[in-house]
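Top line first, the protein sequences correspond to chains A and B.
In case it helps, my numbering puts the first sequence at residues 509 to 621.
In case it helps, my numbering puts the second sequence at residues 4 to 110.
There may be inaccurate statements among the hints.
Said to hold, decoys possible - Only pairs whose alpha carbons sit at most 25 angstroms apart, straight line, appear in this in silico PhoX-like list of lysine-lysine:
{"hint": "1", "chain 1": "B", "residue 1": "Lys97", "chain 2": "B", "residue 2": "Lys5"}
{"hint": "2", "chain 1": "A", "residue 1": "Lys565", "chain 2": "B", "residue 2": "Lys5"}
{"hint": "3", "chain 1": "B", "residue 1": "Lys45", "chain 2": "A", "residue 2": "Lys517"}
{"hint": "4", "chain 1": "B", "residue 1": "Lys48", "chain 2": "A", "residue 2": "Lys565"}
{"hint": "5", "chain 1": "B", "residue 1": "Lys45", "chain 2": "B", "residue 2": "Lys97"}
{"hint": "6", "chain 1": "A", "residue 1": "Lys517", "chain 2": "B", "residue 2": "Lys48"}
{"hint": "7", "chain 1": "B", "residue 1": "Lys5", "chain 2": "B", "residue 2": "Lys48"}
{"hint": "8", "chain 1": "A", "residue 1": "Lys579", "chain 2": "B", "residue 2": "Lys97"}
As the list claims (entries may be wrong) - Pair ranges (Cβ atoms, derived):
{"hint": "9", "chain 1": "B", "residue 1": "Asp60", "chain 2": "A", "residue 2": "Leu577", "range": "34 to 40 angstroms"}
{"hint": "10", "chain 1": "B", "residue 1": "Ser84", "chain 2": "A", "residue 2": "Leu577", "range": "37 to 43 angstroms"}
{"hint": "11", "chain 1": "B", "residue 1": "Asn58", "chain 2": "A", "residue 2": "Glu538", "range": "22 to 28 angstroms"}
{"hint": "12", "chain 1": "B", "residue 1": "Gly12", "chain 2": "A", "residue 2": "Ser575", "range": "34 to 40 angstroms"}
{"hint": "13", "chain 1": "A", "residue 1": "Trp603", "chain 2": "B", "residue 2": "Ser84", "range": "26 to 32 angstroms"}
{"hint": "14", "chain 1": "B", "residue 1": "Ser71", "chain 2": "A", "residue 2": "Thr594", "range": "33 to 39 angstroms"}
{"hint": "15", "chain 1": "A", "residue 1": "Lys522", "chain 2": "B", "residue 2": "Asn68", "range": "48 to 54 angstroms"}
{"hint": "16", "chain 1": "B", "residue 1": "Ser55", "chain 2": "A", "residue 2": "Gln580", "range": "33 to 39 angstroms"}
{"hint": "17", "chain 1": "A", "residue 1": "Lys522", "chain 2": "B", "residue 2": "Asp60", "range": "43 to 49 angstroms"}
Think of the hints as simulated: they come from the structure by calculation, not from any bench.
Note that the structure is predicted; figures quoted are calculated from it, not measured.
Even glycine gets a Cβ: it sits at the ideal position worked out from N, Cα and C.
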Amino acid sequence: NAGVTQTPKFRVLKTGQSMTLLCAQDMNHEYMYWYRQDPGMGLRLIHYSVGEGTTAKGEVPDGYNVSRLKKQNFLLGLESAAPSQTSVYFCASSWGQGSYEQYFGPGTRLTVT
Amino acid sequence: RKEVEQDPGPFNVPEGATVAFNCTYSNSASQSFFWYRQDCRKEPKLLMSVYSSGNEDGRFTAQLNRASQYISLLIRDSKLSDSATYLCVVRRNKLIFGTGTLLAVQP
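Build the full structure now, drawing on both the sequences and the hints.
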């Protein structure tokens, strides 16, 4: 099993450009999440999904959109990138909430200039 | 004030030492508690859940004090491979991550 994979691993964008980050999991998990991690701050939840076709806002959703058209994939879109979105983005998945472990992907390092 | 607070460190310890990290959380409605480990430039991975009665996994012991709202992690007989950032995590309706404590084990 590959677990959770993310593409791309690195990306540099200019302000105003758009891009989509792809997350895929092969563990048949219902729940998927997108986080960002910035220096001096803990991981912050951007959006999450509790099942195919569902999405919900997390703590810092502004400037991002998501889609979960297939159970195994969770896409994060930036419509008009801003320097404040320079960050490391992690995708995660889990069987459910509660004490279920979240499995993280390797991350995408995004720089917006 | 952050909901989950940790000493960022770094904690520099020699191999074989015992080291302890504490973490405090502010919301008494927090339901579940965890320690995650994050190696440099890698993804977080679950180290262990934390239970009210305390729990142990090999050289690692986790404790929870609900009355004082703090969580601890004790690492005995530190190895070079223990060098990482340790993230304190609590759950209410979602996971809330601390900023992490950096441990550097020296040879």
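Review point. Given the hint that Lys579/A pairs with Lys97/B, does the C-alpha gap stay at or below 25 angstroms?
Key: holds, 20 angstroms
**Study point:** Outcome of range test on Cβ distance (Trp603/A, Ser84/B; 26 to 32 angstroms)
**Key:** holds, 28 angstroms
Practice item. Measure nothing beyond the straight line between the CA atoms of Lys45/B and Lys97/B; if it is 25 angstroms or shorter, mark the hint as holding. Key: holds, 22 angstroms
Practice item. Starting from the hint 34 to 40 angstroms, judge whether the C-beta atoms of Asp60/B and Leu577/A obey it. Key: holds, 38 angstroms
Practice item. Look at the Cβ atoms of Ser84/B and Leu577/A and judge whether their distance stays inside 37 to 43 angstroms. Key: Holds, since Ser84/B and Leu577/A (Cβ atoms, about 40 angstroms apart) stay within the stated range.
Check your understanding: Regarding the pair Lys48/B and Lys565/A, is the alpha-carbon distance no greater than 25 angstroms?
Key -> holds, 23 angstroms
Check your understanding: Should the hint that Lys522/A and Asn68/B are 48 to 54 angstroms apart at their CB atoms be regarded as holding?
Key -> Since Lys522/A and Asn68/B have Cβ atoms about 49 angstroms apart, the given range 48 to 54 angstroms holds.
Point to revise | Cβ distance range 43 to 49 angstroms for Lys522/A and Asp60/B, holds or violated | key: This hint holds: roughly 47 angstroms between Cβ atoms.
Practice item. For the pair supplied as a hint, Lys97/B and Lys5/B, confirm whether the alpha-carbon distance does not exceed 25 angstroms. Key: holds, 15 angstroms
Review point. Taken at face value, is the distance from the CA of Lys48/B to the CA of Lys5/B at most 25 angstroms?
Key: Cα-Cα ~22 angstroms, so holds.
Practice item. Verify the proposed pairing of Lys565/A with Lys5/B, using a straight-line Cα cut of 25 angstroms. Key: The hint holds at about 20 angstroms.
Practice item. Note whether the CB distance of Ser55/B and Gln580/A lies within 33 to 39 angstroms or breaks it. Key: Check passed, 36 angstroms falls within 33 to 39 angstroms.
Comparing the model with each numbered hint stated earlier shows that all of them hold.
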